[in-house]
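Numbering (this note's numbering), first residue to last: 25 to 85.
Computed beta-carbon distance windows for the label pairs: (1) Leu69 with Ala41: 26 to 32 Å; (2) Gly51 with Tyr81: 37 to 43 Å; (3) Phe34 with Pro65: 16 to 22 Å; (4) Leu69 with Leu37: 25 to 31 Å; (5) Ala40 with Glu63: 17 to 23 Å; (6) Ser50 with Lys78: 38 to 44 Å; (7) Val74 with Leu54: 26 to 32 Å; (8) Cys83 with Ile43: 44 to 50 Å; (9) Gly79 with Ala40: 40 to 46 Å; (10) Val60 with Tyr81: 26 to 32 Å; (11) Ser77 with Ser44: 39 to 45 Å; (12) Trp80 with Phe46: 39 to 45 Å; (13) Val71 with Phe35: 15 to 21 Å.
FYI, nobody ran anything at the bench for these hints, they're computed from the structure.
Virtual Cβ for every residue (Gly too), placed ideally from N, Cα, C.
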Amino acid sequence: PSALIGASNFFELAVAAAISLFGFHSGAALATVVGVLIEVPVMLLVVRIVNQSKGWYECRT
25 PSALIGASNF FELAVAAAIS LFGFHSGAAL ATVVGVLIEV PVMLLVVRIV NQSKGWYECR
85 T
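Could you build all of it, start to finish, from the sequences and the hints given here?
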């Protein structure tokens with residue numbers, strides 16, 4: 025997760041680098057944009073699943 029968070033902090037720079045290196049119509053530029061747009065909802069879904077299942081792994085004292 026920390027790699028995803030660290031990478032998303034430089035989203036604009038990654039898009040600019042992908043477009044300048046590979047061109048506007050390249051798969052790299054598309055993957056850079058779509059990857060981050062998919063990352064946030066997936067991360068929120070994982071957090072929701074973990075929060076809903078915390079009864080399975082919480083220690084009861």
